[in-house]
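**Q** Here is what each chain is made of, one letter per residue.
2 protein chains.
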Amino acid sequence: MSAKNILYAQSGGVTPVINTTAAAVIESARAHPDQIAGVLAAQDGIIGALEERLIDTAQLSDEDVQAIAQTPGGVFGSCRYKLKSMASNQREYERLIEVFDAHQIGYFFYNGGNDSADTAWKVAQMAEQMNYPLQAIGIPKTIDNDLAVTDNCPGFGSVAKYVAVSIMEASLDVMAMASSSTKVFILEVMGRHAGWIAAAGGLAQRAEGDPPQIILFPEVPFEQDRFCAAVEQSVQQHGYCSVVVSEGARDAAGQFLADAGTTDAFGHKQLGGVAPVVANIVQQQLGYKYHWAVSDYLQRSARHIASKTDVEHADAVGRAAVDMALDGVSGQMPVIERLSDEPYRWQIARAPLSAIANHEKKMPDDFIREDGFGITPRARAYLEPLIRGEHYPTYDVHGLPEYLRPELALVPPRLPAFEPG
Amino acid sequence: MSAKNILYAQSGGVTPVINTTAAAVIESARAHPDQIAGVLAAQDGIIGALEERLIDTAQLSDEDVQAIAQTPGGVFGSCRYKLKSMASNQREYERLIEVFDAHQIGYFFYNGGNDSADTAWKVAQMAEQMNYPLQAIGIPKTIDNDLAVTDNCPGFGSVAKYVAVSIMEASLDVMAMASSSTKVFILEVMGRHAGWIAAAGGLAQRAEGDPPQIILFPEVPFEQDRFCAAVEQSVQQHGYCSVVVSEGARDAAGQFLADAGTTDAFGHKQLGGVAPVVANIVQQQLGYKYHWAVSDYLQRSARHIASKTDVEHADAVGRAAVDMALDGVSGQMPVIERLSDEPYRWQIARAPLSAIANHEKKMPDDFIREDGFGITPRARAYLEPLIRGEHYPTYDVHGLPEYLRPELALVPPRLPAFEPG
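As you go down the protein sequences, you meet chains F and B in turn.
Numbering of the first sequence is given in the working numbering, commencing with residue 140 and proceeding in unit increments.
Numbering of the second sequence is given in the working numbering, commencing with residue 140 and proceeding in unit increments.
Excised from the complex, chain F in its bound form (with noise of 0.2 Å):
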């Protein structure tokens, strides 16, 4: 039998360090051409796979992917989409198995949180019906930490650090402004579902009474009296506050605090943002001066204050990924295990996908503080070793980061364009 090709995707949003994970397999691969002939690359995602828009990494030299490894987005693209269930769209299911057969490809990873998960699985299942011999590989990523089985989620790692170091280098601005100025400080961080990314704002608090003071988390029903009383409660005792507010915060009827909006000068209703709706809240019920910032997409592309622990994890995936495949393995994703919180000690394991698809890993209740605006030491003991280490971009004369965007070639298709069905 001859070697087989790897088709890599990147699914969903991207991380810091998912193009880590990409260099890992590619490089790993480069390792063993007896057994694997090539890397392919799905364009924009699955999208790119069905379309059969496909790049051969063969055109990147080891540079080239030392660089990408070091890059924030996804240097083949990533796309949100969901393939339907099998018995709905069972026609594009079919496609990809004809493409992975026009391109020899007997290996799929799909790089991505739970719905890429259950979409590997799903190929996999596909493939045995069809008699196709594939090996379908799940490799994490997501920077929502929401997936189950593993430990932790690479890419969380790296925003969970840009989040503890921004909002203690921004408290340190609003402390110094106290006396005369702003007061109020509101940082906005992502995590819709689960309050894992605001939770790392707690990390920057190193003693009591240190910022964030509070923390808003979508697991806890927003009181706007409580709240205020506890912004009132900080500025009393230290002259200022310092807040987290999860994306996903929400009152006790479980509406967004987000969509409450608010309206900009042209009497315009603003769209999305919680930051300027807690500030509104600040200002309108304490009178307090306030800054808000929200970081958005900032805080997932900050390759430039990565997690080194996150960094690793990134690369050990993609590794391990490879490993599989040379082992014979499918319907599986290799997974982070924790074996100490201090020291730190991990290892990489292997998990069925059925175990992860669709499952989302909720933050453990007592990870929050009883008042509800904090972390507790367990959740310090999880989340603290996550975002041990700096692993920093090389940067070019200019004083910018060497970050690659290769202009890739698609390898010319083979079959007739794709017809959804």
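Don't take every hint at face value.
Said to hold, decoys possible - Computed Cβ-Cβ distance ranges for the label pairs, DEER-style:
no. : chain 1 : residue 1 : chain 2 : residue 2 : range
1   : F       : GLU558    : B       : GLU371    : 28 to 38 Å
2   : F       : ASP398    : B       : GLU371    : 24 to 34 Å
3   : B       : SER227    : F       : LEU425    : 31 to 41 Å
Hint data in this document are derived by calculation from the structure and do not stem from the laboratory.
All values reported here derive from a predicted model rather than from experimental measurement.
Virtual Cβ for every residue (Gly too), placed ideally from N, Cα, C.
Chain F is already provided as a structure; the job is to place chain B on it using the hints.
**A** Okay, now just chain B, sitting in the frame of chain F:
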């Protein structure tokens, strides 16, 4: 004559590197014990000087001073407070001289922008009128880069680096997602009156068509139709559009696109939130999925991505101020003089405060591209050296920067409490 003390005070909005200047003043003064008895710092800027809240920096070890040099925010506290004219409130100036006299202060170092240069200049005049021997020296600081005479302001280079790196990173994110999701990303940056910081976003463009494709400057009246056409063209050509918008962006009538309607102590309008306004326009006029970020305090406290050039400038102006004190100079400011763009060479010169006070350096017209949406090669030649080099803070074992917030005791007051006139 016995050695006198320096009184050092921080003024206005803090920067990622104002503490580098503070540390340089303290370190440099310690090297001259025969001429300089010590450095007192005013708590919360000039307000602390008026209220005789003074910190003796002798309580800081040499290691503390080094840690302060890499800490963002304002370690002694700053304030937004402008002394009134001498005619309308002579009492404040007299009080300052009384405080100086009570604490053997022979040197007043005021670290701030053009308002502070004005204050330092007036204090020098008052001292002369009152026959009090004082050398008043201004030290430049402002992220707005709007001081006259000096080629650039310490603080600006690091903010510029943060903005250039951040828009480069976030653009890689939107590029990866654009085929099926977000097509327009908007980053709001500071710069109330001038587009210096917004212009820095242009440094991320290394080739034509690179992001950010659009910069909205305060200097260029916003025209919705032209803006929408430019967004549309970028999406057609590149698949996405990356936008940097200055908080000071305004329409042809001079109306700020975003206006929170509050004012700060100087009577400046408090801005923030132009990004969601621009996002609204994109959504309503073009229907593209968008994301937006407001970096706010994050940009001016991001010591973790400080520019090495900027750190060197901030250190140099602090040391130069001490040299000027030793040389008997008063009523002047150390400024940065550019000797050449490439290779970038600079030196410290001395300029009279009268030439700096109350002036505002506008961005030259020929820094903005003909179409109003980008920067020119001349702007690049000016800006680029200012973001060169990385100067990282040290990190602790927990993965966080070793920023110092020392608990500092106040010198016991020697005067009655200040009663404002």
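**Q** All hints are to be evaluated individually against the structure, with a verdict given for each.
**A** Hints and how they fare:
1. F:GLU558 to B:GLU371: 28 to 38 Å: Hint holds: Cβ distance 29 Å, inside 28 to 38 Å.
2. F:ASP398 to B:GLU371: 24 to 34 Å: 29 Å, holds
3. B:SER227 to F:LEU425: 31 to 41 Å: About 32 Å separates the Cβ atoms of B:SER227 and F:LEU425, which means 31 to 41 Å holds.
Violation of the numbered hints given earlier is absent; every hint is satisfied by the structure.
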